[in-house]
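K.L.:
Taken in order, these protein sequences are the chains called A and B.
Heads up: the first sequence at position 112 corresponds to 111 in numbering that gives the first Met the number 0, and the numbers run straight through without jumps.
Heads up: the second sequence at position 114 corresponds to 113 in numbering that gives the first Met the number 0, and the numbers run straight through without jumps.
Hints are all accurate, no fakes.
Derived list of chain B stretches under chain A, where covered just means 3 residues or more per stretch with a C-beta under 8 Å from a C-beta of chain A: (1) 10-22; (2) 27-41; (3) 77-89; (4) 99-106.
Keep in mind that the hints were calculated from the coordinates and are not lab data.
Just so we're clear, the structure is a prediction, and the values are computed from it rather than from any experiment.
Yeah, the Cβ is synthetic: ideal placement off N, Cα and C, and Gly gets one too.
Okay, here's what each chain looks like letter by letter:
There are 2 protein chains.
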Amino acid sequence: MSNWLDEVKWDDKGLVTAIAQDARTQRVLMVAWMNREALQLTADTGIAHYWSRSRQKLWKKGEESGHLQTVQALRLDCDGDVIVMQIEQAGGIACHTGRESCLYRQLIDGEWVAVDPVLKDPAAIYSH
Amino acid sequence: MSNWLDEVKWDDKGLVTAIAQDARTQRVLMVAWMNREALQLTADTGIAHYWSRSRQKLWKKGEESGHLQTVQALRLDCDGDVIVMQIEQAGGIACHTGRESCLYRQLIDGEWVAVDPVLKDPAAIYSH
Numbered sequence: 000m001s002n003w004l005d006e007v008k009w010d011d012k013g014l015v016t017a018i019a020q021d022a023r024t025q026r027v028l029m030v031a032w033m034n035r036e037a038l039q040l041t042a043d044t045g046i047a048h049y050w051s052r053s054r055q056k057l058w059k060k061g062e063e064s065g066h067l068q069t070v071q072a073l074r075l076d077c078d079g080d081v082i083v084m085q086i087e088q089a090g091g092i093a094c095h096t097g098r099e100s101c102l103y104r105q106l107i108d109g110e111w112v113a114v115d116p117v118l119k120d121p122a123a124i125y126s127h
Numbered sequence: 000m001s002n003w004l005d006e007v008k009w010d011d012k013g014l015v016t017a018i019a020q021d022a023r024t025q026r027v028l029m030v031a032w033m034n035r036e037a038l039q040l041t042a043d044t045g046i047a048h049y050w051s052r053s054r055q056k057l058w059k060k061g062e063e064s065g066h067l068q069t070v071q072a073l074r075l076d077c078d079g080d081v082i083v084m085q086i087e088q089a090g091g092i093a094c095h096t097g098r099e100s101c102l103y104r105q106l107i108d109g110e111w112v113a114v115d116p117v118l119k120d121p122a123a124i125y126s127h
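The following block holds chain A by itself, in its conformation from the complex (with noise of 0.2 Å):
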């Protein structure tokens, strides 16, 4: 039997790119990385799962800072290598540095510019 699973090119890894792009406004929030279970159960709950390359395991977004992603749509593409998910970010961040995206950084005049405000302080976010 066929599976839209079977569709995606996981990695030697058994990875593929997410990126999880804010459903209103088209902003890039994020970038992570799935394996087959994150991905599955990314599908049948509508909450956004990643893995965790640094922690070596599954990792539901917000489990800790409350900042779930809601999934409205998921895209693969050409290559079947990257996804593409619309998402309602709760909260409005999805940055661990307290912003509302991880892409905050802007090259300027040869230097990584950091142009976006933090929202919440990560302190704050993670201390509950």
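Given the structure of chain A, go ahead and fit chain B onto it with the hints provided.
P.N.:
Okay, now just chain B, sitting in the frame of chain A:
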């Protein structure tokens, strides 16, 4: 001397994930890889360059198709392992299938469904 390229966290193959996003609509058009030379060239020329993993060579996007990508801004994520580019897509076609975006398949009722139209026959794109 510090260099902005040294702040990028290159993976074990010397690559970083690069996302091309339409500067006007914010649609994600494609996702590929860059090595140090590709990123340097992208910044220096303002035209997106990638590293083709399948061909194992530097790849100036649009060199065959004419579908060049003019880069308006470059961003780096908090981990330093993802680049997002704001681009203008020549011809309005980023995908080798002749579609606007490589992300043309959406998960609908457990199947990846091609929901975007082919704008130009790939045979016509790559014939010259």
